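Chain A is fixed; fit chain B onto it per the hints.
Protein chains: 2
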Amino acid sequence: MPVASHISEAMSSSSFIRRMFEEGLMMKSRFGADNVYDFSIGNPDLEPPAKVARMLAELGTNPKPGQHGYMPNAGYPETRAAMAKKVSGEQGVEVSADRVVMGVGAAGAMNSVLKAVLSHGDEVLVSAPFFPEYAHYARNHGGNLRSIPSREDFSLDIASIEAAISSKTAALIINSPNNPTGKIYTSEDLAALGAALARAKSRTGRSVLLIADEPYREIVYDNRKVAPIFPVWADSVVVSSFAKNLSLPGERIGYVAVNPGCAWAQELTDAVIFCTRVIGYVNAPATFQRIVAECWDEKVDYSSYLKRRNLLTGILDEAGIEYAVPEGAFYLFCKVPERRATAGDSADDGAFCDQLKAHHILGVPGKGFGKPGWFRLAYCVSEKSITGSRDAFKNARIEW
Amino acid sequence: MPVASHISEAMSSSSFIRRMFEEGLMMKSRFGADNVYDFSIGNPDLEPPAKVARMLAELGTNPKPGQHGYMPNAGYPETRAAMAKKVSGEQGVEVSADRVVMGVGAAGAMNSVLKAVLSHGDEVLVSAPFFPEYAHYARNHGGNLRSIPSREDFSLDIASIEAAISSKTAALIINSPNNPTGKIYTSEDLAALGAALARAKSRTGRSVLLIADEPYREIVYDNRKVAPIFPVWADSVVVSSFAKNLSLPGERIGYVAVNPGCAWAQELTDAVIFCTRVIGYVNAPATFQRIVAECWDEKVDYSSYLKRRNLLTGILDEAGIEYAVPEGAFYLFCKVPERRATAGDSADDGAFCDQLKAHHILGVPGKGFGKPGWFRLAYCVSEKSITGSRDAFKNARIEW
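Those sequence lines, one after another, are chains A and B.
Going left to right, the first sequence walks through residues 3 to 402 as the working numbering numbers them.
Going left to right, the second sequence walks through residues 3 to 402 as the working numbering numbers them.
Extracted from the complex, chain A is given alone in its bound form (with noise of 0.2 Å):
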């Protein structure tokens, strides 16, 4: 078996979200796209804003020489001041271009950060639930993920994070707006956490590096803001990507800002820079960063997410299933239904999403995310699929 068999196990363990995805694809094949009520994966339904097209068209229309060279492994110079403005706004804090590393995506640029700090068996804390991923990436560098249960209504526990802290502990990672529940983080809390990590600090000698990953800070709901990282925790970065906000998960274009306020912030910076490299990223793609160069700050309207989110909502109550509503992302984290129908574990989650998908419809189970007993819908798909379920809900609960 010439694979190696950590990987044989991991494969067999894992990637639940991809299956479901790439089972939905042969779903809709087999069974029509209309018929098929996909919620597994986030992959945006909007269209990204007409400036990203029309400077594709500039670009294939005027192109200019060497537009498809390598460039420095940390990007365009001005798209790293692009990105620095971007960041500058968002964190309250003045951030040079030069703290600023293009990345294949967030997941690159998670993979460059988490490989710049981690040494073999040291610990990356996480809030559970979680991105599935982060276990993997984690463990790419010899990391271990360990996660602490949110609190009951998925904010941070602050207290068990501080008590799981130890010198083992290189990174913390948050995600707000979180997926899968779709919860973010409030000022109080984060200046909270920021505390802990001093506190922490001085009791091991170590320094967290806190790690925001930020994919869905600009889909919010209720003129919601997510509050800044920058301003309570030194060594601290921010991840993000144009995925989610400017829907374009297939293009790979993503970003690491270094809080200017962390004493090794150059060192940290370079190690990121060399990480892209050597992981084997190389560079950033020089056509999307190009792009979201001048594209960052497009405005976008969310409004359809809400009004999506509403009608999932108005659906999951009238077939009896309880959810958290979410604060931003796309995502409606669902708890399992009691059985009535069915004998069997309440909790069973996996059990639950096979009902589901015997409607055709498709969520994934809260297992892999450290959340057993719920299920993840991603509403980012048309209304008519999301009005098209109404039944198909209602009558797996019935089932059930």
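Some hints could be false.
Unchecked claim - Selected chain B positions facing chain A (in silico; Cβ < 10 Å):
1) MET57
2) TRP266
3) LEU313
Honestly, the hints are just simulated from the structure, not real lab data.
Given the structure is predicted, the values throughout are model-derived calculations rather than measurements.
Where a beta carbon is used, it is the ideal one built from N, C-alpha and C, also for glycine.
Then chain B, alone, in the frame of chain A:
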């Protein structure tokens, strides 16, 4: 010091090619682009075929819904099918689309393959001189790169490779046309290599995965052909990209093709797809997947590379610097000349590259390629830059 110590160490001993490239950018802004002869990096100055620009314009002018969205991690089915057609022609073996995985450049593709097969402590063999990033790529996934010196003419030393194989050996990387020597391995040598791998497998009980890294396959001189590897060894993959042959290095678009004759081809393909996902590449960039699906067989006139090769070799002849005549790619691997003007170690390639730099010539020391006493010049630069370097080479040689 919160950057991981193994990363700090790797940074200080590495990145000399990139450092040269980035130093070159600084020197150009200081002395003017015409006054710096930058042979540091394989950043092709030929523009991509016109069809690339036409397709970009078309994708911008008539965007299709979801064209920047997620697709299966392995890539678009039509792109995989196009690559399968390309590789089938090159390898003389029928390769189906489901044996192809699209990657973030050849570097991404190579990392996905290595992660799929490496267990901690495994060895990856390579013939020296070699592309130095391979050492990082092996190390990323718990492996160690072990280099076997080539024969004098830079062909594979097959007996030494065979002798070096142990039960720790997971893979052997070959790179033809070779970076940095421009060597193309003969079909006779590849057949002998296949036989050696078979004998080694009988001896150790473990099959070595042969990885052919072929980004320079199209760039060959004097009507040479790059012989296929699929017919000589079943446990093999081809890794390649469109960085060099279509001049798209900044776009990070490459692929892996698994030998259909491999007994575990499906398992290996699945593992490569999985690793593409979990390393955080997720997928090859969407737009350039669409472009290479239609542009992969565009005819590009590489005769200018031949002209430049001959121009540069003429200049080196005049300066009295020896080199190996490249059979393909666009690198000239040169011998550090004997010292006459100054005292010191004749074979010191770092010192000679410093000497060149004092004359505004950027070349890369051979040490990092596993071949001290030599240096590399990348001649994928303008003729003007090559012609302009004449006196600089002469003077650098005179002062040495």
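Each hint tested on the structure:
no.	hint	in the structure
1	MET57	holds, 7 Å
2	TRP266	holds, 6 Å
3	LEU313	violated, 20 Å
The structure is inconsistent with hint 3 alone, although it conforms to all the rest.
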